[in-house]
Amino acid sequence: MWPPDPEPDPEPPGRSPPGSPAAGLRALLPARAFLCSRKGRLLLAESGLSFITFVCYVASSASAFLTAPLLEFLLALFFLFADAMQLNDKWQGLCWPMMDFLRCVTAALIYFAISITAVTKYSDGASKVAGVFGFFATIVFAVDFYFIFNDVARFLKQGDSTDETQAGTSCSHPKWSEASRNKGEQPS
9 MWPPDPEPDP EPPGRSPPGS PAAGLRALLP ARAFLCSRKG RLLLAESGLS
59 FITFVCYVAS SASAFLTAPL LEFLLALFFL FADAMQLNDK WQGLCWPMMD
109 FLRCVTAALI YFAISITAVT KYSDGASKVA GVFGFFATIV FAVDFYFIFN
159 DVARFLKQGD STDETQAGTS CSHPKWSEAS RNKGEQPS
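Position one of the sequence shown corresponds to residue 9 (my numbering), numbered consecutively onward.
Note that these hints are calculated values from the structure, not bench results. All values reported here derive from a predicted model rather than from experimental measurement. Hints are not guaranteed to be accurate.
FRET-style restraints, in silico, Cβ to Cβ [what the hints assert, rightly or not]:
(1) Phe89 - Thr114: 16 to 22 angstroms
(2) Ser131 - Arg162: 45 to 51 angstroms
(3) Phe157 - Met93: 36 to 42 angstroms
(4) Lys129 - Ala39: 25 to 31 angstroms
(5) Tyr154 - Thr128: 25 to 31 angstroms
The calculated lysine to any residue pairs, modelled on SDA-like cross-linking and capped at a C-alpha distance of 20 angstroms, are [claimed, not checked]:
(6) Lys129 - Thr75
(7) Lys136 - Leu117
(8) Lys129 - Leu117
(9) Lys165 - Thr125
(10) Lys165 - Trp104
(11) Lys129 - Ile118
(12) Lys98 - Phe42
(13) Lys136 - Thr125
(14) Lys136 - Thr75
(15) Lys98 - Leu88
(16) Lys136 - Val66
(17) Lys136 - Ile60
(18) Lys136 - Ile124
(19) Lys98 - Leu85
(20) Lys129 - Phe42
(21) Lys129 - Met106
(22) Lys129 - Val113
(23) Lys129 - Phe144
(24) Lys129 - Val66
(25) Lys136 - Ile118
(26) Lys136 - Phe155
(27) Lys98 - Val113
(28) Lys165 - Cys103
(29) Lys129 - Phe143
(30) Lys129 - Leu74
(31) Lys136 - Phe59
(32) Lys98 - Phe86
(33) Lys129 - Ser69
(34) Lys129 - Ser71
(35) Lys165 - Leu117
(36) Lys98 - Leu83
Even glycine gets a Cβ: it sits at the ideal position worked out from N, Cα and C.
Produce the entire structure from the sequences given, and follow the hints as far as they go.
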């Protein structure tokens, strides 16, 4: 309203104080900047499509296929929170880009195989819907492993990997700066 208040309220009415339980739970959520980045959007799409496909397989007669979407959903959530919490910087003994790449490749292949089977072999509607969402998940996982492959290939072409090599392992991973992580850009 005009004229503006000389002193705004110290706490907006809808916000909880910093020591409240809601503030502690909010610390577990990924940062908005990461969720708006390319990697964050891909991981959100992977987990969302995997969950929808899982629910469709639970409701269908092709319930034998529900394990793959459930595992992919859980793995996508793990990588979402691991990337958001920057666990790749904290746990450097693991080769994060290779694990993420293998997760995406195997998910794309498995989703493609079970989606074809669900659409062709089963006649109920839930199986067909699960197959269609599985095809969408196949595309999203394929796009993700394409971007991961390009990032790793670009990093390896630089040739400066001797100082970036992790101690005790031969796996080197690209060092994303905080700005490129938030904007969704490739490592430079």
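Here is what the structure says about each hint:
1. At about 20 angstroms, the CB distance of Phe89 to Thr114 agrees with the hint of 16 to 22 angstroms.
2. Distance hint check for Ser131 and Arg162: the Cβ-Cβ separation is about 46 angstroms, which falls inside the suggested range of 45 to 51 angstroms.
3. For the hinted restraint 36 to 42 angstroms between Phe157 and Met93, the CB-CB distance of approximately 24 angstroms leaves it violated.
4. A hinted range of 25 to 31 angstroms is violated for the C-beta pair Lys129 and Ala39, which are about 43 angstroms apart.
5. Checking the proposed 25 to 31 angstroms range against Tyr154 and Thr128 shows it holds: the Cβ atoms sit about 27 angstroms from each other.
6. The hinted pair formed by Lys129 and Thr75 meets the criterion: a straight-line CA distance of about 18 angstroms does not exceed 20 angstroms.
7. Of the supplied pair hints, the one linking Lys136 and Leu117 holds, its CA atoms being roughly 18 angstroms apart against a limit of 20 angstroms.
8. Of the pairs offered as hints, the one joining Lys129 and Leu117 holds, with about 18 angstroms between alpha carbons and a cut-off of 20 angstroms not exceeded.
9. Note on Lys165 and Thr125: the hinted pairing is violated, with a Cα-Cα distance of about 40 angstroms set against a maximum of 20 angstroms.
10. For the suggested pair Lys165 and Trp104, the alpha carbons sit about 18 angstroms apart, so the restraint of at most 20 angstroms is met.
11. Annotation: proposed proximity of Lys129 to Ile118 holds, straight-line Cα distance about 16 angstroms (limit 20 angstroms).
12. This hinted pair checks out: Lys98 and Phe42 have alpha carbons roughly 17 angstroms apart, not beyond 20 angstroms.
13. Straight-line distance between C-alpha atoms of Lys136 and Thr125 comes to about 10 angstroms, which keeps the hinted pair within the 20 angstroms bound.
14. Between Lys136 and Thr75 the alpha-carbon distance is near 17 angstroms, which keeps this suggested pair within the 20 angstroms criterion.
15. Taking the CA atoms of Lys98 and Leu88, the gap is near 15 angstroms; set against the 20 angstroms cutoff, the hint holds.
16. For the hint linking Lys136 to Val66, the alpha-carbon distance of about 13 angstroms falls within 20 angstroms, and the restraint holds.
17. Taken as a hint, the Lys136 and Ile60 pair is honoured in the structure, with Cα atoms around 13 angstroms apart against an allowance of 20 angstroms.
18. With a C-alpha separation of about 9 angstroms, the suggested pair Lys136 and Ile124 falls inside the 20 angstroms cut-off, and the hint holds.
19. Using a Cα cut-off of 20 angstroms, the hinted pair Lys98 and Leu85 holds, with the two alpha carbons roughly 18 angstroms apart.
20. Proposed proximity of Lys129 and Phe42 is contradicted: the alpha carbons are some 40 angstroms apart, above 20 angstroms.
21. The suggested pairing of Lys129 with Met106 is violated, with an alpha-carbon distance near 34 angstroms, which exceeds 20 angstroms.
22. At most 20 angstroms may separate the alpha-carbon atoms for a hinted pair to count; Lys129 and Val113 exceed this at roughly 24 angstroms.
23. For the suggested pair Lys129 and Phe144, the alpha carbons sit about 19 angstroms apart, so the restraint of at most 20 angstroms is met.
24. Between Lys129 and Val66, the direct Cα distance comes to roughly 16 angstroms. Compliance with the 20 angstroms bound is thereby established for this hinted pair.
25. Proposed proximity of Lys136 and Ile118 is supported: the alpha carbons are some 16 angstroms apart, at most 20 angstroms.
26. Restraint check for Lys136 and Phe155: not satisfied, since their Cα atoms lie roughly 29 angstroms apart, outside the 20 angstroms limit.
27. Simply put, Lys98 and Val113 have alpha-carbon atoms about 25 angstroms apart, too far for the 20 angstroms limit, and the pair is violated.
28. With a CA separation close to 18 angstroms, the supplied pair Lys165 and Cys103 stays within the 20 angstroms bound.
29. Between Lys129 and Phe143, the direct Cα distance comes to roughly 15 angstroms. Compliance with the 20 angstroms bound is thereby established for this hinted pair.
30. As the CA atoms of Lys129 and Leu74 are separated by approximately 15 angstroms, the hinted pair is consistent with the 20 angstroms bound.
31. For the proposed pair Lys136 and Phe59, the alpha carbon gap of about 16 angstroms is at most 20 angstroms, so the pair holds.
32. Simply put, Lys98 and Phe86 have alpha-carbon atoms about 15 angstroms apart, close enough for the 20 angstroms limit, and the pair holds.
33. Proposed proximity of Lys129 and Ser69 is supported: the alpha carbons are some 10 angstroms apart, at most 20 angstroms.
34. About 13 angstroms separates the Cα atoms of Lys129 and Ser71, which keeps this hinted pair within 20 angstroms; it holds.
35. For the given pair, Lys165 sits about 28 angstroms from Leu117 by alpha-carbon distance, which is inconsistent with the 20 angstroms threshold.
36. Only pairs whose Cα atoms come within 20 angstroms are accepted, and Lys98 paired with Leu83 is accepted, the gap being roughly 19 angstroms.
Consistency with the previously given hints fails for numbers 3, 4, 9, 20, 21, 22, 26, 27, 35, ordered from lowest to highest.
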